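Q: So the protein lines, in turn, are chains H and W. All residue numbers for the first sequence refer to my numbering, where the first residue is 1 and numbers rise by one. All residue numbers for the second sequence refer to my numbering, where the first residue is 1001 and numbers rise by one.
Hints in this document: simulated from the structure, not taken from any laboratory. This structure is a prediction, so every number in the text was calculated from the model and none was measured.
Subject to a maximum C-alpha distance of 20 angstroms in a straight line, what follows is the list of computed DMTMM-like cross-link-like pairs (lysine to aspartate or glutamate):
1) W:Lys1009 with H:Glu18
2) H:Lys4 with W:Glu1038
3) H:Lys9 with W:Glu1047
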Amino acid sequence: MEKKPEWLKVNYNKEAVEEVSGLMAKLKLNTVCKEANCPNLGECYKKRTATFMILGNICTRHCRFCNVSSGVVEAVDPKEPQHLAEAVKELDLKHVVITSVTRDDLEDGGAKHFADTIKAVRALNPGVSIEVLIPDLKGVNEHLDVVIAANPDVINHNVETVRELYPEVRPEADYDRSMHVIRHVKTKAPHIKTKTGIMVGLGETDEQVYEVMDDSLKAGCDIFTIGQYLQPSQKHIDVKAYVTPAKFAEYKKIGEAKGFHYIASSPLVRSSYRAEEALEGGKSR
Amino acid sequence: MKKNVQMPKLGEQMETGVLAAWNKEAGEVVKKGEVLFEIETEKVVSEVESMESGVLEEVFFEAGDEIKVDEIIAVINCD
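Chain H on its own, in the form it takes in the complex (with noise of 0.2 angstroms):
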């Protein structure tokens, strides 16, 4: 195994992270925490946070950097929405995130299924914020016009990477797809909060980068966030590189003087990660 940089070290917190696993596994919830091997995980379970993910634990897209696996789907659970209001209830979350694997197998991509879960979770937990990261919904507006209308604080929906990798990193999806998901929400729904986010390591320019930041700026996204690509298993694309922090603060200055309301940028970040703090400061521009 090839030496890791130094920046790239986490906590772990045996207690904390059995605590979390106990709800989720009690209540039946899936975190893509877990499904993604996620090197957040033991911090944010020791903060008593996590990331949902809804719609099963199976992908019917075989992305080449994601650690959630493929193959044939499950039902879906019909008590998953008030499960995961439960959830929020009991980790007593002020700002909650949820995502899914992406559903082609459904008619509707699991639109739905969004809309009655962000609605279970507003009815339990009144006051909290909803943050849902979805996927392209084969970015048929009428499927995105559902999750709209139950009215999330932010729709979150990631580029991934930049658009000359799409074949490489992301076969099934379409970066002009993935802008016009943005692009559609900050549309039809001004007050909602947009979000997107990439990987880089995956041997990207930084041209490439900054091209990215332009069309999602243009898009009408509001928030950016830049991690490391790191490799789940062996089986998995290549990292490239190991992005610098230096390099990351740079992708954060150029990325908010060219006009984002707020960016995260560092080795670690995910798209969900302190995903309040960047609501917050979405929020403050």
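Starting from the known structure of chain H, arrange chain W on it as the hints suggest.
A: Then chain W, alone, in the frame of chain H:
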């Protein structure tokens, strides 16, 4: 009372991990919550906190060793 320290399972698919470093030496006092050792996995290096307070009595592995999940890697004397 003596408590075993086991190799933690840091991810769903993790079967083994590489002991990157000990942050305490045998014979040293360790407090609950202090970083006891570091484990290198596919993605990152994890600083693993001690679950016990006591004296690190014995360590069974050295930095660089690849260790199976749940294997006993050290003993803490909590008396």
